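Heads up: the protein sequence lines correspond to chains F and X, in order.
According to the numbering used here, the residues represented by the first sequence are 1 to 152, in order.
According to the numbering used here, the residues represented by the second sequence are 1 to 295, in order.
By construction, these hints were calculated from the structure, which means they are not laboratory data.
Hints are not guaranteed to be accurate.
Below 25 Å or equal to it, Euclidean Cα-Cα: the simulated DSS-like pairs (lysine-lysine) are [claimed, not checked]: (1) F:Lys28 to X:Lys72; (2) F:Lys28 to X:Lys6; (3) F:Lys135 to X:Lys3.
Since this is a predicted model, take the numbers as computed values, not measurements.
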Amino acid sequence: MSNLSSESPESSESPESSESQADSNPDKRTAAEWITFGMASCLLLTLVGLVIAVWIDPRHQQPPLIEAAQAGVIWESSGQFYVPFTVTNAGGGTAESVQIIAELEIDGEVVESGEQQIDFLSGGEAETGAFIFSKNPQQGTLKLRAASYTLP
Amino acid sequence: MGKRRKRRHQWANELDDLVRGACGGFLFGIPLLYTMEVWWIGSFVEPVWMLGAIASSFVVVFLINRTAGFRKSSGIRLADAAMETVEAIAIGILCTLLLLILLQEITPQVPLDEALGKVIFEAIPFTLGVALANQFLSGGEPDASQTDSQPAQKSGQPNQPDELNGTLSDIGGTLLGAVIVAFSIAPTDEVAMIASAVSAPWLLGFIATSLLISYAVVFQADFANQSKRRQQQGLFQRPLSETIVSYLVSLIAATVMLLFFHRLLLSDPWQLWLTYAVVLGLPATVGGAAGRLAV
Numbered sequence: 001m002s003n004l005s006s007e008s009p010e011s012s013e014s015p016e017s018s019e020s021q022a023d024s025n026p027d028k029r030t031a032a033e034w035i036t037f038g039m040a041s042c043l044l045l046t047l048v049g050l051v052i053a054v055w056i057d058p059r060h061q062q063p064p065l066i067e068a069a070q071a072g073v074i075w076e077s078s079g080q081f082y083v084p085f086t087v088t089n090a091g092g093g094t095a096e097s098v099q100i101i102a103e104l105e106i107d108g109e110v111v112e113s114g115e116q117q118i119d120f121l122s123g124g125e126a127e128t129g130a131f132i133f134s135k136n137p138q139q140g141t142l143k144l145r146a147a148s149y150t151l152p
Numbered sequence: 001m002g003k004r005r006k007r008r009h010q011w012a013n014e015l016d017d018l019v020r021g022a023c024g025g026f027l028f029g030i031p032l033l034y035t036m037e038v039w040w041i042g043s044f045v046e047p048v049w050m051l052g053a054i055a056s057s058f059v060v061v062f063l064i065n066r067t068a069g070f071r072k073s074s075g076i077r078l079a080d081a082a083m084e085t086v087e088a089i090a091i092g093i094l095c096t097l098l099l100l101i102l103l104q105e106i107t108p109q110v111p112l113d114e115a116l117g118k119v120i121f122e123a124i125p126f127t128l129g130v131a132l133a134n135q136f137l138s139g140g141e142p143d144a145s146q147t148d149s150q151p152a153q154k155s156g157q158p159n160q161p162d163e164l165n166g167t168l169s170d171i172g173g174t175l176l177g178a179v180i181v182a183f184s185i186a187p188t189d190e191v192a193m194i195a196s197a198v199s200a201p202w203l204l205g206f207i208a209t210s211l212l213i214s215y216a217v218v219f220q221a222d223f224a225n226q227s228k229r230r231q232q233q234g235l236f237q238r239p240l241s242e243t244i245v246s247y248l249v250s251l252i253a254a255t256v257m258l259l260f261f262h263r264l265l266l267s268d269p270w271q272l273w274l275t276y277a278v279v280l281g282l283p284a285t286v287g288g289a290a291g292r293l294a295v
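Isolated chain F (complex conformation):
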């Protein structure tokens, strides 16, 4: 019933009422809505542009190229020796289940080894971690290498 009174000729002539009618008119977008649409379009076009840029990047076509290396100094705590490492995918494609192996050789014999697996390594991505040995790696030769990966 209250709606009927708001539709009376007197109220429809008031300027505020006609403004609010224009605002609620679904056929006419307000300036605020147009600005929002403009910003949203820019954002969507930027996203699509970035995806296309990645698509046509020749680096993206290359296979994964996995490199594992010691990163930083070895430190000792509670009789354990921590060897920080970095594994990098210098290629283009993503590698899955990347396996990193560290072997400690003393007097030509492998006395300790460690293994680490990284779920996904995208092109250009690097992950860090540490291997832990009970013997001092500085007394022998430490070999760090990427052993395997699968393609997703």
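Since chain F is already given, all that's left is putting chain X on it; use the hints.
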């Protein structure tokens, strides 16, 4: 003066629409934001699939927008639906990007292709939530006579049983919503994964985001029942105090769920309890906010 007021009114309406869209996205998309398999898809997906995903989500959201949408004054013309679809996808992308940064799934070290994949695949369910925002918790605007009569009650003698019932109803609604959204996330490894990467200042970011989304869902998004909530009687009827108290209730609910699934043990240090509770507290709070609107 009239023009300025009209412009301010337009922007206020626009902000309400955008916040409503974002809140619909949070309600629908947050469980998948806590799913590592979706992060992984983003890690290896090819660019052509990303473009396909954007195109297919555009079609689906466009069809939803023909009948639903996130705007109150949603038109049904093709052009309106198409424009609203662009806006819904943009809201989805922006909110998903911010949440993935919060979850530390996107950092400066993450390559561009991986970040794009994660954002696009997480944004799809989020965008569906944006498009369905008007359908969430819809029950029509409360009856004018009902809302008019409640302030009259308030101005009269305070009604203690009503206050108690209102408070219990709020807590019950918060717990119900928190359990519905967070129960399926609590036993998964994602909570531990996210928690292991967050620092103390980052936890403050989780708390601030949880409070902000909770406030927006209940008091800003203009979902059905919002005005009814503003009239709700109870011990914490002010928006700010209600938001904070319901966040604490959601944190307790999250902790109990983590204990239930043995993700937390009594022997664990208190720092772990705090971190896990705050991390799971985000989806629990979003669910709790929806729960309070539903009761």
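For each hint, the structure was consulted:
1. Between Lys28 of chain F and Lys72 of chain X the CA atoms are separated by roughly 14 Å; this keeps the pair inside 25 Å, and the hint holds.
2. Using a Cα cut-off of 25 Å, the hinted pair Lys28 of chain F and Lys6 of chain X holds, with the two alpha carbons roughly 15 Å apart.
3. A C-alpha spacing of about 78 Å is found between Lys135 of chain F and Lys3 of chain X, which places the hinted pair above 25 Å, so the restraint is violated.
Hint compliance for this structure: hint 3 is the single one not met.
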